[in-house]
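Protein chains in written order, with our numbering: chain A, 1 to 274; chain B, 275 to 548.
Derived from the structure by calculation, the hints contain no laboratory data.
Lysine to any residue pairs mimicking SDA-like chemistry, simulated, CA-CA at most 20 Å apart:
id	chain 1	residue 1	chain 2	residue 2
1	B	Lys306	A	Phe102
2	A	Lys146	A	Val192
3	A	Lys105	B	Gln338
There are 2 protein chains.
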Amino acid sequence: MPNRTVFFVSDQTGVTAETMGHSLLTQFAGLKLSTVTLPFIASREKAIEARERINAATVADGAQSIVFSTLIQEEWRVEVQAANAVFLDFFDAFIGQLEAAFGVKSSHAAGRAHGMANAEGYAARINATNFALSNDDGAQTRDFGKADVILVGVSRSGKTPTCLYLALHYGIHAANYPLTEEDLETGRLPAVLAPLRAKLYGLTIEPDRLQQIRHERRPNSKYASANQVAFEVREARALFERLGIPYIDTTHCSVEEIGSRVVHESGIGRRTVA
Amino acid sequence: MPNRTVFFVSDQTGVTAETMGHSLLTQFAGLKLSTVTLPFIASREKAIEARERINAATVADGAQSIVFSTLIQEEWRVEVQAANAVFLDFFDAFIGQLEAAFGVKSSHAAGRAHGMANAEGYAARINATNFALSNDDGAQTRDFGKADVILVGVSRSGKTPTCLYLALHYGIHAANYPLTEEDLETGRLPAVLAPLRAKLYGLTIEPDRLQQIRHERRPNSKYASANQVAFEVREARALFERLGIPYIDTTHCSVEEIGSRVVHESGIGRRTVA
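Bound-form chain A, shown alone (with noise of 0.2 Å):
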């Protein structure tokens, strides 16, 4: 099977059309793809150079590469369109559909779809990172009132990572509390965290894959063994379900899976759009 390239083409950062030809490209296992981005073509040259780069891989893959394209501005569109090239216009196909419902016509602007077009939704975003990174792991707990939702579960469950997607790209204010083995064992809510039981989100894990995560870290210690991460794991599973608290094994997620349960279980709504 011949390689194939696959170009993700567009006038801003290419992070809609690389999202959109991953997203294709996950319904076909098993072939051979080399994948390029091109931002930030928005120029009549740059058009042309991305054209060339296309046609230079179709001849050296002796198969036609595939493009993804989310360009708005017709000049430049058109150029890259020459390639020869299988050209999916992500626009092309719905801005019609768009134009219909919507009884207007499209602007037809360079999209700007991660762009700051939306300030403030931007500077919650960025707030909201803050936030994350000064209420991450328990050290800090005076502004945890303040969160829109609080992570809690043991050691390497996946937290600070969810809080820090969250926060990029939701706007959404999360903190995150660790359980430790002394909290686990009184069997009860940290004092700081009684409160606040509303906010609360956990997460669990499955116990090999975390005793291989925290072996990772520090290897052969007590920490990461088979009967410690047990104990934790068990224990914590057991107080969310005691206290009601809504939680999800993290195991087998991606942090934009567990971050879209948490925004949409959570009931917490969202402050923004990434």
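With chain A's structure known, arrange chain B on it following the hints.
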């Protein structure tokens, strides 16, 4: 103009549907839209529930709802598609062209574009996030040699959120180092950075905007004063120019835009894809 409700419907996180929808909606300014994400629609019951919510919005708005769908499973898709709404089917629009290009049928398996299908890539993103957290703000520099890129700039120029985004989205190991007044007065790179010049990427920002950001943080401080900000910004930029360090003005850029430029202009290449 009546309000219109826009739905993002997915059998997974909804991230692709939201990205696609928001990207298209940027082309229609001035409309009154409310948005609702319905993720994890992965059973007949959930599909029917989604259809009912969509129909209810169409009735309430007195105008057809817009549905951006990335549903793959035919059986749930038809349930939702039966709603009284404008149905934009992401997979339907492109999968045929891709099947023709690749000469194979798609798997029609529920897409985990944002799942852990690529477990190795996912672990790389989490490791990169931990790296960004441990190598933030110059507090600890002994692992700077392992960084793919080191962002440098004055305090509050956008280094930390950009590093976290580079990690979470691209799996890139990004460190950052704040250029302080003392550093800038010497007119030279801090000693720790001197041998790592090839990894450096500068962030700069317009003084007015920086003053505003710092003022929110420490009102009426020297740190937020016009003189101080003007000095730091001028000297940082002069340093980048003198040493040939590539840099970007972050004033009007989102983390996605800064991140995309850093990746594509520094030539570090990406590790993986979110």
